[in-house]
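2 protein chains.
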Amino acid sequence: MEQLNRKEEIIVTAARLFYEKGYKAISMRDIAAAMDIKAASLYNHIKSKQEILSEIILKVAEEFTVGMECVVAENSSAIKKIEKVIELHIDITVNHSEALAALNNDWMHLEELDLNAFVMMREDYEQNFRKIIKQGIDTGELKPHHPEVILFSILSTLRTLYLWYQKRGKLDVNILKKDMISVLINGIV
Amino acid sequence: MEQLNRKEEIIVTAARLFYEKGYKAISMRDIAAAMDIKAASLYNHIKSKQEILSEIILKVAEEFTVGMECVVAENSSAIKKIEKVIELHIDITVNHSEALAALNNDWMHLEELDLNAFVMMREDYEQNFRKIIKQGIDTGELKPHHPEVILFSILSTLRTLYLWYQKRGKLDVNILKKDMISVLINGIV
DNA sequence: GTCTATAGGATGATAGAC
DNA sequence: GTCTATCATCCTATAGAC
Numbered sequence: 001m002e003q004l005n006r007k008e009e010i011i012v013t014a015a016r017l018f019y020e021k022g023y024k025a026i027s028m029r030d031i032a033a034a035m036d037i038k039a040a041s042l043y044n045h046i047k048s049k050q051e052i053l054s055e056i057i058l059k060v061a062e063e064f065t066v067g068m069e070c071v072v073a074e075n076s077s078a079i080k081k082i083e084k085v086i087e088l089h090i091d092i093t094v095n096h097s098e099a100l101a102a103l104n105n106d107w108m109h110l111e112e113l114d115l116n117a118f119v120m121m122r123e124d125y126e127q128n129f130r131k132i133i134k135q136g137i138d139t140g141e142l143k144p145h146h147p148e149v150i151l152f153s154i155l156s157t158l159r160t161l162y163l164w165y166q167k168r169g170k171l172d173v174n175i176l177k178k179d180m181i182s183v184l185i186n187g188i189v
Numbered sequence: 001m002e003q004l005n006r007k008e009e010i011i012v013t014a015a016r017l018f019y020e021k022g023y024k025a026i027s028m029r030d031i032a033a034a035m036d037i038k039a040a041s042l043y044n045h046i047k048s049k050q051e052i053l054s055e056i057i058l059k060v061a062e063e064f065t066v067g068m069e070c071v072v073a074e075n076s077s078a079i080k081k082i083e084k085v086i087e088l089h090i091d092i093t094v095n096h097s098e099a100l101a102a103l104n105n106d107w108m109h110l111e112e113l114d115l116n117a118f119v120m121m122r123e124d125y126e127q128n129f130r131k132i133i134k135q136g137i138d139t140g141e142l143k144p145h146h147p148e149v150i151l152f153s154i155l156s157t158l159r160t161l162y163l164w165y166q167k168r169g170k171l172d173v174n175i176l177k178k179d180m181i182s183v184l185i186n187g188i189v
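Quick mapping for you: the protein sequence lines, in order, are chains Z and W. In terms of full-length UniProt numbering, the first sequence has 82 at position 82, counting the first letter as 1, and numbering is strictly consecutive. In terms of full-length UniProt numbering, the second sequence has 64 at position 64, counting the first letter as 1, and numbering is strictly consecutive.
Worth double-checking, as some hints may not be accurate.
What the hints assert, rightly or not - Stretches of chain Z that chain W covers, calculated by requiring three or more beta carbons in the stretch to come under 8 Å of a beta carbon on chain W:
1. 8-22
2. 142-149
3. 158-164
4. 176-184
What the hints assert, rightly or not - Within a straight-line C-alpha distance of at most 30 Å, the following computed DSS-like cross-link-like pairs (lysine-lysine) qualify:
5. W/K84 <-> Z/K177
6. Z/K177 <-> W/K177
7. Z/K24 <-> W/K24
Claimed, not checked - Distance ranges between label pairs, derived from CB positions:
8. W/E63 <-> Z/S27: 32 to 38 Å
9. Z/I37 <-> W/K178: 53 to 59 Å
10. W/D138 <-> Z/N75: 39 to 45 Å
Don't read these hints as lab results, they were simulated from the structure. On a predicted model such as this, the values are computed, not experimentally measured, just so you know. Backbone N, C-alpha and C define an ideal beta-carbon position, used for all residues, glycine too.
Please take these sequences and the hints and turn them into a complete structure.
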């Protein structure tokens, strides 16, 4: 499958460039130059620039969706579930840190069909997380804060982890998980 | 000063559009259309598209810098200082939520001189925050976590607050401050 | 599978009329 | 202060040679 490998190479290269400057700032010529070929040659492997963006974002979005569904299906405490969500984000960050830039910042440049799919997945994801937090407040595991403040503060940390992980030369994943769980759940005092 | 007002109007309009799609995805024609004039007319008030970006980002970056310097200069506990930093971010978010999108996502499109100024301000800001956290760990106010994990988890929450504040129709600022301080400092359990 | 050439349109910015 | 007209350049994408 020579075809697939080359296509994968385009997607990985593009993800790295999108990570640095964003989808709209990177041209097909830029992607091609980074691979030492000409822009026209890219079209032998991909249909359009949009397709590259779509593959980058939706592949990772589906990993989040599947991961969250596994966590929700568990029969365990809310805190245990939150720990699992944190681990899910760390695992995806470690494996696809560059794709997360596009997912976070360039999703609005998806075309209609993919955009709808993405937005729906993201809303489902947040809704599942919200339910976990409400479960935790109901059972008394979590303090009775406004659930949206808890949801937002954990999720925004996890969503921007890719920025920080790249900068701080790749810590040990298990230490990162332990510290992050401790800070996000138990607080800092 | 009719001139200044028109220029301000351009900057406010551009910030709103950059918030929605990013600097590179918005054209001078888009900005002009949103003001019901033609693109060429913009150049009577501003020098270039770059100048618009620069004004949006650097004005807010300076507010963060000044605010942080005030907090650092205080003679108070680390926790009190962290509370002040949280309040600083909330105040700026409430007053300039749209400019924060450009500051977070489009700073890399600044031209060299402004880019250097911005990066330096951001590094100083993080360094000051880091010192506060280390002070807190040294005095025993904070748990002895890796300081970078604490720094990152608070800062990433505060930096993306603008996204969440826009979506959740403008909560009361004082309640937001109280809840955010409680969640970020005392944790959720 | 890559190339050159090019179509067809968008972009930032300027000149000059009103 | 805004307009029309325009320039030079960039963009995505295609056609067709090799």
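A quick look at each hint next to the structure:
{"no.": "1", "hint": "8-22", "in the structure": "holds (count 3)"}
{"no.": "2", "hint": "142-149", "in the structure": "holds (count 6)"}
{"no.": "3", "hint": "158-164", "in the structure": "holds (count 5)"}
{"no.": "4", "hint": "176-184", "in the structure": "holds (count 6)"}
{"no.": "5", "hint": "W/K84 <-> Z/K177", "in the structure": "28 Å, holds"}
{"no.": "6", "hint": "Z/K177 <-> W/K177", "in the structure": "28 Å, holds"}
{"no.": "7", "hint": "Z/K24 <-> W/K24", "in the structure": "6 Å, holds"}
{"no.": "8", "hint": "W/E63 <-> Z/S27: 32 to 38 Å", "in the structure": "34 Å, holds"}
{"no.": "9", "hint": "Z/I37 <-> W/K178: 53 to 59 Å", "in the structure": "57 Å, holds"}
{"no.": "10", "hint": "W/D138 <-> Z/N75: 39 to 45 Å", "in the structure": "43 Å, holds"}
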